[in-house]
Structure formats: structure tokens, C-alpha cells
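J.: Spelled out, the chains give:
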Amino acid sequence: MFDLLGAALVNIVHVKYLLPLFLGTLAGVIGGALPGVTVTMTIIVALPFTFGLDPLQGLAAMAGLYVGGSAGGLVTAVLLGIPGTPSTVATTFDGYPMGRNGEPGRALWLGIWGSFFGGMLGGVFLIFTTKPLAEFALAFGPWEYFSLFVLALSMVAGLVETSLVKALVSGFIGLIVTVLGNDPMLGAPRLTLGIPFLEGGIPFLPVLIGVFAFAQIMSEVEKSGGAGAMTQPANSDANLKVSQLKVIWEILSRPFLLVWSAIIGVWIGVLPAIGGSAANIMSYDQAKKFSKHPEKFGTGIPEGIIASEAGNNANVGGSLVTIMAFGIPGDAVTAVMLGAMTIHGIQPGPLFISQHPQIAYGIFAAYIVAHPIMVLILGVGARWAMRIMTITKSTLFPIVLVLCVIGAFALDNSMDTVYVLLVFGVIGYLMVKAGFPLAPFILGAILGDQIEINLIRSIMTDPNPWLFVTRPISGLLLLAAVLSVVFSLWQHKRTQRRLAAAATPPSDEDIIDF
Amino acid sequence: MKRIAAFVLASLALAAGSALAAYPERPIKLIVPWGAGGDTDVIYRAFQPFFQQHLGGTIVIANIGGASGTKGAKEAKDSPADGYTIFAVHDSIHSTYWTGVADVAYTDFEPICLVSSTPSILTASPKAPWKDFKSMVADAKKRPGQITVGATLGSTSHFFPALVEKAAGIKFKYVPYEGTAGRMNALLGSHVDLGESNLTQKGKADAGHIRFLAIATEKRSEEIPNVPTLKEEGVDVEYAVNRGLLAPKGTPAPVLEKLRSACGAAAKEPGFAKAMKLQGTLVHYLNAQEYTAFLKKNDQVNKDLAKELGLLKR
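Just so you know, the sequences run in chain order A and B. Residues in the first sequence are numbered from 1 upward in steps of one, following this note's numbering. Residues in the second sequence are numbered from 515 upward in steps of one, following this note's numbering.
These aren't lab readings, by the way, just hints derived from the structure by calculation. Idealized CB from N, CA, C, for every residue including glycine. Don't take each hint at face value.
To be verified - According to the in silico footprint, chain A covers these stretches of chain B (three or more CB under 8 Å from chain A):
id, region
1, 637-650
2, 679-689
3, 694-700
4, 751-765
As the list claims (entries may be wrong) - Among the chain B residues that face chain A by a calculated CB cut under 7 Å, a handful are:
id, residue
5, 667
6, 705
7, 785
In isolation and in its complexed conformation, chain B is listed as follows:
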């Protein structure tokens, strides 16, 4: 009996071993927790061919949107940890966890790598009375809590202006507009005064339909050299929406290894950098180890911020 058991175990181990050696032997599902055509979707659709090439397998993008990106996160968390489901994450996983929108945390996953960063730009409506960041701050000090900001509450477009608020010692009024499209509409129609945007909206700024006040990077962007950084304006805020890849907790180490090395190679492809430039996005590769530290730090920042905003639910 024991012998049979040993035999079964051995053959199982062998089967598992050969399965791993052959990984990936069927298509891998990449869950994008946002709708098709959104920023995250577009970035991963550009990444997909390079990633496929280095992984030597097929990757299928599945858009599972809804509930501020938490529906797809939940689905990814509950998927089998066999390497055939991976998850396209961005910073909102921290904020939605701490604000109690969802029960999924980054600790439910194994990090693969960080792929990209999209710097945030503080953007004003065309009818807003100020031409630059300083006069906005002066105005905000004169009438605290009156300047309206359009934002997806509890997500990155809320946390970025909140950081500015905190650093500049001013107070905004937040009005909920879900998603970038809704927020841009409200800005164009001057139904809110301020909002977060990024370089993909450059066309509208060029046409004078919105106004970039300041970019949240360390140095000015080559694409918009006239827009100052928040640091230049005396506000020490750097902010970007960071996108990376995760796998469900418990994914076998050899599989993770394959995913990690393929991700690193794909992120270094010049073709990917070119595609990201069109997206107003920087390729920002961090390997699994660096990414783990990054996630931990980012999570703490988001927790503190949620607490200060009075949104902390845990």
C-alpha cells in the first residue's frame, strides 16, 4: 500500500515537474480590471506582444471592469494559482483596500514586476479664474473648501489632489466623477475647477480647452516644457499612477520565475518604450524584489492618506 502511495506521489511530482517545464502550455489570462480602451487596457495591449514573445506563450487580455477596479481584482484573487491567471494592477488596489471599497489587498498576490508610471498633472478648467498654480493656491487660501475638484472618490484621482492639498496647506471641495472620461467632461464644461489628468490629454491643453497647472514629476516633461513641476512651485509632491503585474498568492516559484524574467525583458524592449511615449507614460521597470518594497511603501502612503482624508475603514 505504502509502495503504491509512494509511486502515485512520485508520478504526480513528475507530472507536476514536466508541467512546469512546459509552462506555458495553454493561453494565460491577463485580467485588466478596467474597461477596454482605458489607460490600463491600452498600456497592457501594447505590452502584450513583447511579453508573449519573451514568455513563449499566448496571453489573452480579459477586461473585467466595475466597482472601481475591484471586481477584476476579486476574480484574479480567486483564480487558481497556477500561473495561468495574472493581474494588471495599479495604485488603486491600495486605496480601495484602505477605504473599504474591497477586501482585496496587494498581499493576496505575488509580485511579478512593475511596468510603467504615468505622471499626474494638476489640471484646471478653462473658465477657472487663475492662470498658474500660485494664484490657485492664493485663491484657495482666500476661500477654503470652495474650489471644486472632480475625482473618483477613494481612488488615485482623489489621492493626488489630496496630497497637493496637504502639502500646500489648502482645502478643496471634492465632487465625484467616476473615471477619466467623466472627469475630463466636467473640466471641459467648467463644472469643476480642478482635476487630475496626464499627458494623454495634451491635445485638449494645446487647444486651450483645459489648462495644465503643474506636473507631479521631479523634472519638467520634454513634452510640455512650459508646465512647471509642483516642486518648483514649492509643493513637495511627486505622484504617478504605477502599473504592474501580480500573480495569485501561491503561484509555484518556477512559474513566477519565468513570468518575472519575461516581464523584465519585455519592459526593456525599445518598441514598448515608443508605445508608452504615445501614452504619456514612462516605462518604469522594477524587478520582483524592488517591486515588493515599492508595494509595501506605497501601501503605507495610501493608508496614511486615507486616514487623513477621514476615509480609513480598517
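Isolated chain A, as found in the complex:
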């Protein structure tokens, strides 16, 4: 095994493979950083270019693209407060405040190195535990998925900022969004109002971009006031200089946070369903739960950035596990990789690693080498990207909005998704104005479909509802969900009490009884 991996690593640094790997990573970083352009879209655009290459060249390019794409979104998240990809939602929570507090460089590099170390840990899992992890994942039937997503949804309680009621309402609106459209099983129309477009349901990406980008930009515009302020740079006194060693130490001095975030990321990746969009929020929530000072989350602290970025890059390693072990794609990106393999006549499946060790270990090697390349690209790019902070807002915001609209259009090549973007931009803005947190909304919108589908599957397989509790993994996950809510409420109450003791009395609805 080690000799195979060693040989593959030596092989991959040949120019023949290194060049596609580098170009793939570069494309991934750019695609990831552009709001509205996802890793999936980038890889589909890149796919035809790999047809002329040999299989490993093509797969190296894709592995690089996947790694680069998962990290690239952090640039937009930190500098603009808009997630560049759905997997960087949680990075905005602390990355953007840190940037606005005058330390965008530190926030950026925390994200970059967090991605690096998280991804490398994900690689360790990928290489050493592919078989057992994948077999454990197969034990997950619809009951287990349902309970897992209920656990994920219970994190709404952990994302409460001030009012529990508002967080629940926000999460609920998110769930409603997923109900719109034809039901996922037999296509019975729900709340479609006879509009054909709504039959297909509301696509998630324009919702995300609309809610974040539009709401973010509108409140910025409001804050800056008249036209005069708009010509001010976004943040002219930003501290762009950082000590790399200090940032790396900030990450490595929190080994538990790093490893735990990576484990969550890998595991969500191994389960073929939701991927990075849930992994980063789950890692963030866990970091907050284990933290000694949970009330500081959201104000721009390093833990939040590290958890989110380590989680989403480890997720890539996890996604590759299922495709390596069974030849089944875990998400849209690995589905494209699978297609690329079959085009070259390689049949992925349980025998893939033993039948094509050169390609399998080549993918492992490409995944590992992509990480330092990603750091290099982002490192060079960061200096350049941070100039964004010196562009005047009146120039920057229209450009960002245009990019968002292009991204939404490209998703489907249709205007309908652009209208979705617009509608949810307004909804997101109104929610922010009324003090409703956006994170529970996004979580509901991510998880709603999966909860529903797996609930229906379970009941259709066996009508006995007790199976959710009596199947051991499912039962444990549900128990964890209950404990998670109780713990979050306790943590929240404690924080509130501390704040109350500090001075200002909380308003009525901020007090939670249980």
C-alpha cells in the first residue's frame, strides 16, 4: 500500500500530471470564489477538456478542481460575507466579522490553512479507512438518514443568535421552501399555484445566493448612507499583513477542534446525500457546542473559520471514499468523475482499487498534492483578492450582483432561476430587517428534501414507526438530536444570564423556558 502510494506520489509530480492538476485546482479556486458558480458547474465546464487526456490526467484535474473549489469559496465568504459556494456558508459567520474588524488577512489565512489541514486529515481517512468507512455507510438505510438529518436540523437551536422563536420561524420557512413543487415521489403538485416553473421545486442555489448576497449588499448599502459614502473603499484601513506562523499555530494549537471538524466533514462526505453544504454548518455547530465561550461565535473568532473550512475540505476526502469503494457517486461532483472514468472504459466498482491500482492511488496522490497547490494559488491570489477591500462599494456591489445573476442563470440556462434569486433576495433582506437569523433558514432549505424523502422511503419499506428508535444507529442519532437541542438551550440560557448579569435586561422573548 505505502509503496503504491509512494509510487503514485512520485508519478503525479511529473509535469504530465502536475499541469492538469494545477490547472484543475486553479479552475476550482476561481469557480469556488465566484458567488453563484458551484464546484459542480465548474467541473461540468471542465469535463470536455479532459476527454483528450489519459484517464489519470483527467481525474487529477478533477481531484484538483474539487479540492480547489471547496477552498476557493472562503475568499468570497471572508471578504464579502457572501458564500462563494454552499459549502462556505458557516465561514461567513466568523470570517466576515473578522475581516470587518480590520483583520481580513488573518481571516483569509485561517481559512486557507484550515482548509489545508482539514483536507489533509480527510486524506488520511480516505487512504486508510476507505473500506470500513464505506461499509459502515452502507448500513445507513432510510431510517438512519432520516434520523441523521433530524440531528442536523436540531442544530437550528445552536444557531440561535438572540431569539429562539425567530430562529425556529426562520428554520421553518426554510423547510417550507423545500415543500414547494411536485412531491419527490409521485409528482403530485404542491403549492404550485398552477405555475409550471414551480412544479420542479425551487432550486437551492439561487435561494442561497439571493438570501446571502442580496441581503448582505442591501444592508451594506443602507449602512453606508448617501452616495458620498458609497465612493469610500469597503475597508481602507484593513490589515492585510499576516504572520503565517502565527496563523498556523492558531490552528494547530486547537488539535481537538481541527480533528473533530475533519471527522464530521469526512463522515458527511461518505454518506451520499448532501455533502459540503451541511458539513460546514455541522462542524461549526459542534465547535460552538464544545467551546468554552460559545457566545463569542459570530463575532469574528478563529474557531468558527477553522471549523467550517476544515470541515468542508475534509468532506471532499469523504466523498471520494464512496466512489473509490463502490463506484457510486456521493454527490454531483463525484458523479461527473465517475462519468469521466466510464468514458475512458474504466468500470468503477468494488474491484476498482485492486483492478486499477495505478489510477486509484493516482487519485489519492492527486488529492494530497492538490492541497499544497491550493495553498499556493490562494496565497498568491489572496494578495490580489484583498484589493477587493480597496475597491469602492459603488463599484464592487454592482459587479457582485451581476456575478450572482450570471451564476443563477448559468445554473439552468433560464431566467426562472434569476427570478428565484430576486424573490429570495427580497425575502432575505426583509428577514434581516426583522431580526430573523438567516442560518436556520438555509439549514432548513438544505435538509428539508432529504428528511422528507427518507421518511417516505422508510414508511414505504416498512410501516412500523418504531423502527426509527429500535434500529440502533437511528435510535442513537435521534437521542443525539434531543441532547443537542437541550444542550444548546442550556448554553443559550447561560449566555443570556451572563449578559443579563452584565447589565441590560433581556427582552421578553429572549428568555427561554424549558
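Please build the complex by placing chain B on the supplied structure of chain A, with the hints as guidance.
T.: For chain B alone, coordinates are given in the frame of chain A:
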């Protein structure tokens, strides 16, 4: 005035004529109504270079997935009928129409040609208690409606086991799993007992992670000579997922002619056959006339089946 009108008309006709002569003078969009990397996508990506070569123009594959392949179908139907948008169709267009998932029917298009057929294989999970098709049928007769089948409801993976059900006089229980990947996962993890698959899953069968019970072809496949046909097992079912090309209704005849002859020539390329073999797929070329009859017959079969399944919405 009349003269001017005549002149304008004549010059327009001339322009149209020259445009047709030059067709294709810009890239042609081939809408694949499924995600990149899926079976349909892979088949047309293999077909694309041969088709381009015989057509003498560029073809761009656009993956417009979603809503059981009906989103892309709708987009193709609404595109201008100028030959610059063509549509990669498979049998689900019939089932989604009759089950009311979409308003797009094959009659909204002009047939170009049929390209390929991927025979279906009835596949069992590794933990299923039976080793062959006969004992599965015996078990199903003992406990009707208990054996679970993973399927995309209303699509080909649902209709194929339903045909088996009907022919063998047994009853299954269907559990919705969208797409091949989801279905294969459920089979590997034994969360369902049966499902439809094809030769692309041979690796998993070789490793003993799934079990091929019977193939829905007339004769046994060379790739898996040990797997009996459904006919041998006494069940008269032949089933394959058939993929062809359509153009929006009203596409000019000369343009259709060009597309049809290029499609025929490309489908006969040995390189394409080789690529399809890797996909567990047969090249199954039918010219426009044969394909029209094929579509009509297939549509009726799907309508009858939808009715029997209680899914008919029209």
C-alpha cells in the same frame, strides 16, 4: 407595393435557402435532460465526435437535468425549431407523460433516429434470501406485496419490474429511490430486495455485492453468460432503455434530412460500437421512419402499463 413585397419575399426565401444550404453554420445544442456523468450523458458524449464529423459542425452538449428528465424536455420543446437545438430522449418521455409528471410528449418533436439500447437486468441485493429468479418468484407468491423494489417511480426503473410482476403473476412493493446511484446504494446496503440495473454494474456483481437474477434480452449476453434471460425463466419480458435523438416540431425538412443522415452514419461507426460496449449498451440504429413507428408502439405500451399500475393521469 406588390412588387416590393414580392421582392422582399423572394429575397427572404433566398436567404432562407442559403441558410439551409450552409446548415450547420453555428454550434448545435444537444440537450441531455440528465446530469453530467449519467448513462445518457456518457452515451451521447461518446456519440458526439462521430456525429460532429458526419454533420460537419460543432455540437455542444447541454446538461439540463431535473424533475425526472422533464425540465430538459420542456426546454427542448420550447426552443426554436431551426435545427440548432436537438434533444437526447429516452423511454421516460412516454412514462412521464402518461403518469402526468410533465406535459411534454414525443409528438412535440420530429424523430431523427434511434441510437442505442441498454438491456435491463433484474438485480437482487446480496442479503436477499434467493439465489435465482425462480426462487424469488416462489417467495413472492408466498408473501405477495412484501418483496421491496427500489425504483424511480413513474420511470423506466419502475416500469421494468412492473412488467416482470405482470408476466410472472406476482406483486412487489415499490420504494422510491431517485436515479441509478441511489438505487444501487439501496441494493448494496440491502435496504431493498430488488432493482433494475444494467451491464455497467457488472463490477459489483463480480465482487458479489449485488446479484444479477435475469437479463431482459432475447438471448444471453456474452458479457455475463451465466445470467439467464427472463424468457428462459418463463417470463416473456424484453426490456431495454432506448435512447434516440429528436428535434423540435417544425424543424425544416432539409435540416432534418441532414441530421438524419449524419446520425445514421455516426451510429454505424465501429468506434462508437466499441465505446458502447464499455457502457453495457448495444448500438440500436433505427432510421426516422422506423423510429417513428417504434416511438408510437412504445408510447402505447407505456400508456397501458401506466393504466395497470394505477398511475395513468390522462
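J.: Which of the stated hints cannot be reconciled with the structure, identified by number in ascending sequence?
T.: 1, 4 and 7
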